[in-house]
Structures are given as C-alpha cells and as structure tokens.
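Trainee: Could you put the whole structure together from the sequences, leaning on the hints where they help?
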Amino acid sequence: MSASSPAQAASDTKPRKTARYQVDQAVRRALLTGRFIPGKAVTLRGLAQELGVSPMPVREVIQRLAAENALEIRSNGRVQVPEMSPRRFDEILTARLLLEPELAERSLKSLKPADASKLEAIDQRIDESLGTGDSESYMRLNRDFHFHIYQAAGSEILLPLVNSLWLQFAPYMRTVYGRVGTVNLIDRHKEAIQAIRDGDATALREAIAKDIEDGMGILGREGLPSP
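Residue numbers (this note's numbering): 1 to 227.
No incorrect hints appear here.
Once the Cα atoms are required to be at most 27 Å apart in a straight line, the calculated BS3-like pairs of lysine-lysine come out as:
id: 1; residue 1: Lys190; residue 2: Lys109
id: 2; residue 1: Lys210; residue 2: Lys109
id: 3; residue 1: Lys112; residue 2: Lys210
id: 4; residue 1: Lys190; residue 2: Lys112
id: 5; residue 1: Lys190; residue 2: Lys210
id: 6; residue 1: Lys118; residue 2: Lys210
id: 7; residue 1: Lys118; residue 2: Lys190
Please keep in mind that the hints were generated in silico from the structure rather than gathered at the bench.
Mentor: Written as structure tokens, this is what we have:
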C-alpha cells in the first residue's frame with residue numbers, strides 16, 4: 001500500500017452499523033483513490049491492524065472484493081491489487097464504454113437543474129485538484145462527478161457493474177497519474193453538464209464516452225507493459 005493508508009479512510013467513518021461494514025467502506029475508498037499499489041501485497045493481519053479491527057471482518061471483505069476482481073488472494077495468504085495487463089485494461093475499458101454512457105442516458109430524465117449546479121461545483125474542485133497535482137483528491141472528486149450522474153438512473157444491475165469496474169481500474173490509474181502528473185488531464189465534464197441542462201441524451205452519451213476515452217483510454221495506455 002502507499003503511504004496514505006486505508007486506516008485514514010477508516011478514521012473518517014462514524015461508529016455505525018457493523019465492523020464489517022466499516023471495513024468494507026474503508027477498503028473500497030482506499031481502492032477507489034488508489035491507496036493500494038497494484039502488485040504490492042499486504043497481509044490480512046497488517047491491514048486489520050491499520051484499520052483497528054480483528055482479522056475476521058477484514059477477511060470477509062477481502063474475499064468479497066476478490067470475487068469482484070478488485071483484489072486477489074495469493075497462495076501465501078497475502079492480498080494485492082491485480083497488476084494491469086494490456087488484455088485486462090482493454091476489457092475494462094470496453095466494459096466502461098458499453099455501460100457508462102448507457103447509464104448516463106438512463107439517468108438524464110431524473111437529473112434536475114440543481115444536479116447540474118452540483119456537478120459544476122464538483123467539476124470546479126476537480127479543476128483545482130488537477131492544477132495542484134493532487135491525484136488522490138482528483139480521483140475521489142472524479143468518481144463523485146460520474147456517480148452523481150449514474151446514481152440518478154436508479155439501476156440495480158448496471159450501477160453495481162460500473163462500480164466494480166471502477167474498483168478494478170482506479171489503483172492502476174493512480175500509478176499512471178504518479179508518473180505523468182495530472183496538470184494536462186482533459187475531461188469532458190463541462191460538455192456533460194451542458195448536455196444535462198439541455199436534456200440532450202445523445203450529447204450526454206458522447207461526453208461520457210469521450211471522457212472515458214480521453215482519460216483512461218489514452219492516458220492509461222502509457223502505463224501498460226510493452227507487448
């Protein structure tokens with residue numbers, strides 16, 4: 001794991017629900033902001049100590065995330081984010097391009113002017129994080145932007161699939177941002193916001209697809225191993 005550990009995420013979680021829920025949320029946040037480094041293994045016991053819980057809920061959460069392909073459990077019991085291969089990258093990218101524009105279009109009828117204003121506020125903070133090179137804040141805010149749109153669809157099938165994809169590619173993209181920086185990142189958020197204001201489903205689909213292609217599709221390939 002990186003120096004910014006999931007324990008930091010756990011400390012923000014109020015004492016609510018179960019230890020397993022808290023661990024699940026903390027580890028997912030750590031994955032989505034790139035606090036796990038692909039290929040770098042950690043132990044269940046070490047992770048439990050960082051989170052301040054017993055190994056049992058950590059083991060349950062890790063097993064669930066392994067089933068979602070976000071983590072893998074090695075033969076020695078250690079846990080790691082799978083390393084990104086060109087084939088894995090292409091499959092995740094293809095799935096995102098199939099699912100996310102569709103989910104955005106389904107959300108359009110439920111999105112209001114207030115949502116567009118909320119998205120503008122998030123996008124402004126994204127621009128600030130890009131300018132300062134704060135890749136962790138960028139990743140958190142970028143997800144907030146996309147999922148504010150996607151959640152409006154109320155989908156019980158597509159949304160969990162998209163969430164699983166983000167868990168799988170986020171740690172890898174954090175390593176890419178660490179190498180190439182964030183200052184020159186291009187997004188299509190303003191086009192997406194305008195499409196929402198206009199009620200233009202085609203424009204919204206195109207904005208989301210281009211955002212994925214310009215971000216993960218182009219920049220992400222720079223970190224892949226040579227064939």
